[in-house]
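2 protein chains.
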Amino acid sequence: MPETWARISEGSDFPPENLPFGVARIGDDAPRVVSRIGDHVIDLAAVGIAPDLTAEPTLNALMASGRDVRAEISSLLAGAPREDALHPVGECELLLPFEVADYVDSYSSIHHATNLGKILRPDSEPLMPNWRHIPVAYHGRAGSVIVSGTPIARPIGMLAGADGAAPSSGPSRSLDIELELGTVIGRGGARIAPDEADAHVFGFVLLNDWSARDIQAYEYQPLGPNLGKSFATTISPWVVTIDALRPFLVEAPEQDPPVDAYLRAARPWGLDLTLVVELNGEPICTTGFAGMYWTFAQQVAHMTVNGASARTGDLIGSGTVSGPNPGERGSLIEITWRGRDPITLPDGSTRTFLEDGDTVTLRGWAGGNGRPRIGFGEATGAITPAHPPAF
Amino acid sequence: MPETWARISEGSDFPPENLPFGVARIGDDAPRVVSRIGDHVIDLAAVGIAPDLTAEPTLNALMASGRDVRAEISSLLAGAPREDALHPVGECELLLPFEVADYVDSYSSIHHATNLGKILRPDSEPLMPNWRHIPVAYHGRAGSVIVSGTPIARPIGMLAGADGAAPSSGPSRSLDIELELGTVIGRGGARIAPDEADAHVFGFVLLNDWSARDIQAYEYQPLGPNLGKSFATTISPWVVTIDALRPFLVEAPEQDPPVDAYLRAARPWGLDLTLVVELNGEPICTTGFAGMYWTFAQQVAHMTVNGASARTGDLIGSGTVSGPNPGERGSLIEITWRGRDPITLPDGSTRTFLEDGDTVTLRGWAGGNGRPRIGFGEATGAITPAHPPAF
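Chains as they are written, first to last, in the working numbering: chain Y, 53 to 443; chain H, 53 to 443.
Just chain Y, same shape as in the assembly:
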């Protein structure tokens, strides 16, 4: 660990090698850009670090700038003690870290896509014919991206009637989570080649793509998911930079068949992360990110190949991260096989999908075990009852 005057507890997600970025309200001050070390928020503008970029209520200007602000924070932490720059994280309000431009959600785990295919279309080949040729994705609702800790009101939407009855609106009865990693664009561009991804990607967040499976099932033909997803997408308050994660870039799994030229990369773009889902404090999924079939670099290339511009603040969800084994499934629809196999919690209660009062927390990190631990903290949300319909 680099020498520093700051105190960091053993196993912290936030050693001096991490230095993620977020936005916090400290006391009664206006929200501004901060970093984090151990259990403390670093008030960057207060110690003169890039105040033109950090005395801002979002990360967008900093992300667009390309300026290496982390190097300046490293210097601060290696120099003379500046305890006045640090505030206990528990005394700060962590806010949505950036203004989301477009939110695109992918479908890049072959295990997740295969599981969903088996569950939803049991009589067909699980993977669609296009799945191995393009990193399939759709646009989600940018305005519904919220920061960890925001309550999740159970969504209302149109639900199929039983036994051929007419559909009717009501609270979702199959509210689910999706464990994802979100890629955040810093500098924009169009027609970005995979091997140029790190010139445009600023960093990553934990992302929970809350999903109402029944609303989605009713609505999704032929235009894809909409209200089944658009009520809420939770992200971690900390954007972990691609620079902090460079030591954990690894070769992604081999792709078969080989992909089209615009999706080919010479550099390794897999990311060796561990991701965990907790339901009411109990781990229900522990999986790795390195096995994702499609990389974030390919997702960025695909999103821009048609001429569309990537913009500062674009957020690209990885799609649900599931591994090959049962304990590695990143959604309840997979874990319970759409309700067939309920899970039992330590209090003896069972779950197929989420109940009001449940809390779901995502965690994620790279390293540990002798290497620096580069963590994301958490992305959490508690389910509240549906709002009664006003009409």
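Listed next, the stretches of chain Y that the computed footprint assigns to chain H, with coverage defined by at least 3 CB atoms under 8 angstroms from CB atoms of chain H:
no., stretch
1, 189-196
2, 219-233
3, 281-290
4, 351-360
Okay, the calculated beta carbon distance ranges per label pair:
no., chain 1, residue 1, chain 2, residue 2, range
5, H, Pro320, Y, Gly391, 41 to 47 angstroms
6, Y, Gly409, H, Arg173, 40 to 46 angstroms
7, Y, Arg316, H, Arg225, 19 to 25 angstroms
Simulated coverage check for chain Y against chain H, where a stretch passes if three residues somewhere in it have a Cβ under 8 angstroms from a Cβ of chain H:
no., stretch
8, 265-271
9, 307-320
Treat the hints as calculated values from the structure; they're not laboratory data.
We put the CB at the ideal spot given by N, CA and C, even for glycine.
Chain H: place on chain Y using the hints.
Here is chain H on its own, set in the frame of chain Y:
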């Protein structure tokens, strides 16, 4: 027509009853909010009309404010001549009028949805079972919404191989248009009832949802349209306000079966507009908007029923506007029945889909024939060749 000192030519889209809003660069000045009368742009801030809202590079602050700026413009036009406020529109650069928050595109013409069903799924019931129960929609790419006049580079994307061959990327060979009306949100909200739509809708734009049918056909299962649409969406530079269009609100067609409570309205939300598509100056579609099955009020209610917030700058496409007759089809895939029935242009050339160099112009208006004509001007774009792939 109200008395005014401003000159307006007969048949103009922009009489004193219209007063739409846009954003223009006048000379070397910074872009700011303007209105329009006849062939002139009205520089609002220069004559002291709501400068806190109009000395801005987008309409967003004005749209969020709820202030009746049109009434102030009416007073200006009825008072002492202020020719210094007017600039010939040809001498101004018209810019994207608002910052798009989320862009949602609907599918609300029963004639369009039926035609597409017959073309794409000839062996099935044309309308999906959900179509008459919810105004089906998906999220499009907000960052690709551009103003009329911006060239449209032919998109590149993954195309199916012929006769079972592997897919490969290349320029779209079936580039199409979709004639739509876009609804623009002024004041945000959640769980908006249809009859409250006009408290949130600021106005409307012409919208061309450019579509690459081949890219879309390859990608759209199971998550819906993405790169086949996300390269460009053209809107008119003028946002015509809901206040200007109130005299043209009419009863929408009866819905059968009756819709769910959250989609029911007591007030009339159909809009009696005429819409036209020109290809290289030749009209290829003239249709009405009043026959749309789902209203913009229902689209807003549906978008927010699950708890999602509407935000200032949200843009909701109506979906392609097609009428029951062949001359009323708002897309080339319908006009040429996916290429089966090419159209012949006055120069003797034929088209199934768009060719490089083609120009498509949408026009639209309410009234005329003795009533005030409330027009949108145009939304136009010319096709340029695909950018050669860089990799």
